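Construct the complete structure from the given sequences, taking the supplied hints into account.
Going down the list, the sequences are from chains E and F. Per my numbering, the first sequence starts with residue 1, numbered consecutively. Per my numbering, the second sequence starts with residue 1001, numbered consecutively.
Any given hint could be a false lead.
Now the in silico label distances, taken between C-beta atoms and shown as ranges [what the hints assert, rightly or not]:
#1 E:62 - F:1121: 53 to 61 Å
#2 F:1124 - E:19: 29 to 37 Å
#3 F:1130 - E:25: 25 to 33 Å
#4 E:553 - F:1083: 42 to 50 Å
Because the hints were derived from the structure by calculation, they are not lab data. Being a predicted model, the structure only gives us computed values, none of them experimental. Just so you know, even glycine gets a beta-carbon here, dropped at the ideal spot from N, CA and C.
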Amino acid sequence: MTAKPASWIGASVERLEDLPLVTGRGRFAGDVSFPHQLHMRMVRSAHAHGRLRAIDVSPARALPGVVAVWTAADIAGLPPIEFREGPNAKLAPFRQPVLATDHVRYVGEPIAAVFATDAYVAEDAADAVNVDIDELEAVVEAPAPTSEFSAGLTTEPTICRQGYGDIAGAFKNAAAIVELNLTIGRHSGVPLETRGAIGRYDAARDVLELHGAAKVPHRNRESLAQMLGRSPAGLHLYEAHVGGGFGVRGEIYPEDILVLVAAMRLGRPVKWLEDRREHMIAANHSRQQHHVIRAAVDAEGRLLGIDDEFFHDQGAYIRTHGTRVIDTACGTLPGPYRLPHFRIRGHFRLTNKTPAATYRAPGRYETNFVRERLMDAIARKLGLSRIEVRCRNLIGSDEMPHERPLVALGDDVVLDSGDYQGLLDKALARCDWDKREREAVERRRAGEWVGLGLAMYVEKSGLGPIDGARVNVHTGGEVEVITGGASVGQGFETVIAQVCAETLGVDYRRVRVVHGRTDRIEYGIGAHATRATVMTANAAAVAAAKVRAKALEMAAQLLQADAASLTIVNGSIRRADGTEPAVSLGEIAHHLRPSSPTRGQRDPGLCADGWFTTKHMTYPYGVQIAQVRIDPGTGAVAVEKMLIAFDVGRAINPMLVRGQLVGGFAQGLGGALFEEFQYDERGQPLSVTLADYLMPTAREVPAVDVLITEDAPSTCNPLGIKGAGEGGIAGVGAVIASAVDDALGGNGLITKLPITPQAIKAIIDGQ
Amino acid sequence: MSEPCEITLRINGTEHTVTVEPRRTLADVIRDDCGQTGTHIGCEHGVCGACTILLDGEPVRSCLMFAVQARGRAIRTVEGLQRGDQLHPMQEAFMRHHALQCGFCTPGFLMLAVGALEKWPDLGDEQLIDILSANLCRCTGYENIVKAVRAAAADMKARA
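Printed below as a string of structure tokens:
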């Protein structure tokens, strides 16, 4: 890629991020080291539930190279880990302590921390710590009757309720009622890089530093400062390369706090790297829910009401997200369908398993599965096709914006724009659905186990409320965009550079994007909830437009021309009619130096801050179609064909959008067919290696046909962007279930994710 | 635990003489003792392949070996792929085809693919998928990795 495209926005240009990453010069958490550093190793509970009787650290402390061993008593002043959205009195008793005090509540819970001069010695020492635990009965099933969490508190901290209309009336007037019992297994993001945190205290500046930050560095800085009783001015977070986020990484965990406290107390940098087994039992899990969902429909299959009661398996504690996943599930379950009456109750249940929180498309991967299973069941009940029942219920483009009296991520749900029927039509035409269906019928008749599946869904993106960016042109002409955003590997730098380049009139390769640095910009939120491109790119565009105006005004004086007659091409300001002379942006920056005699009364610097505020999230939407083949001998599923049609409003870099959708699909396929954190009845985790927790390989992921559309630009932001980060994964559980079910005869027997070969074999053998 | 011993590792043609405990894995020594942090550690049990290096030309998991076992062997890591400013065709292809997102698994995939194609320049699609399924990527869905490796295979043959 060399020539400038017609517009940097919309161009599939190569990523700015790639060169260090393909040459081995990336800087991930494990690559960050400081002279004289110590290594931390956690001692974790081997029991799912128990009373902590005694901890003997003396054998560990006696090993050469061990500097300190801490238990809860050593950090008694530290509060439990706070919720990101601030204090919540009702949920506060269920927060996780940094180190276990009197009870342990899941296998993997941190009990003690060892600090040593060498990572291998730290691990030896952790093994030498003797922990005496009285084992108690473990709760492993969220729908089981509630029990005692601690004195006076049950294992159901809260029930999340949302809804509107007259649900009883809807069911009274129904021509038909459909009820399903549906289960989603326990999955998580499982990034290839495990977590890591390096704490360093610079006494010379009185600054405490956390390296290895990700996702939400600015918000975490506020939380950590509060927990540590430090001014945020003396605490900085540094994000380097991040080896996959997916919702899991970048939350505050016990280890992040421990490396900071230890760096101060022990007077040496402290490095902690998680091993893979630890990651599988210590980092957030997600997804696990059991739904009992009922639909009331009229004789034509139109939804009158949906009533859903579900149990959410939160695991042992409530971590930084509070009830976000269950709230989001409640607020987004209706999806793309017109729904007059709705009631949903989510039982937020604690179990003796790893605490749960967000994983890419939290609440939607689950509820898309649940709702789309329901739509297939309604079709079956009324003898309609799966397409027809959806067409009859889709919200029309003439009904946009569509307000729903629901809340998701603290935001009132207003579907801003969308042509759901239009996207469905395009997707069906693209894959030639009718022909495929005929072929599937013929192949089934010939003895093959082949099925087609369809899922529709609405995604959410662009969580506000506000983002800022600073654009600064250096005298050499290089443009720096300083953002409060974060990069988790999604191509953030490239996309922000493209938007800035187009607005300012420079090559995107001249733009350097700063992110994840609390010492470079005061405010920021980060990369979660598919917000980064929507929020940060719009803020960068505002700042770049200000810089452009300032450059043109300065150039007008230098070139003795009217600013309106000037334009900026490839970093050079010239008359729009092409006549010479021209002046470069770098030269303008030079003229705007504080000491420049030509600056006049202008503020120094060719730089500006830009802010973008949004009232609501913006809602992209998708259609997924899958064709699967089952091996009746083994119950194994192969995906033969896959289509993702997704409307992103406006694609800044279609190649990267496609990458997000295909990558998300692969993760979703894992959750649909392979991945599950399993536990035995005593709460012992059975999926603690990558050989037990099966993620898809190149062998399992099929070629994916991707249709990116821009039919419904967002009305919530000037660039019209909707996010793509979670659009690939959100519908995969739903579509694979639909396809496998179809292959098995379309009787609605697929009610649980992941769909294991054993489950399929049992169905086949039962027929 | 046995005493540390002095060993010399030859990484990308450069000799590194280090004193390490015999129990230290090759991956740890390459990274921490020799400072070549391009080789990543994703699981430490030989499943994910992020730590794949070439040992006498063969792709191996450097987390499953002790450094002392690599004495006298030719080690190649991601840092050794480019020649001066000239990237290896595999590196170029990964960039051109958007075959990486977070980039953590990338060094392992690069070494796996380069090792396989140096040995078998005419790998068929099915064999290629089989080989690439040895490593895990959590971001890309593999499609672009497969595309990039195919493109690089042609380039490598042309440049050979």
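Outcome of the hint check:
Under the hint 53 to 61 Å, the C-beta atoms of residue 62 (chain E) and residue 1121 (chain F), about 57 Å apart, fit the expected range. The hint said 29 to 37 Å for the Cβ distance between residue 1124 (chain F) and residue 19 (chain E), and at roughly 31 Å that hint holds. Our hint of 25 to 33 Å for residue 1130 (chain F) and residue 25 (chain E) holds, since their Cβ atoms are close to 30 Å apart. About 48 Å separates the C-beta atoms of residue 553 (chain E) and residue 1083 (chain F), a value consistent with the hinted range of 42 to 50 Å.
In this structure, none of the earlier numbered hints is contradicted; all agree with it.
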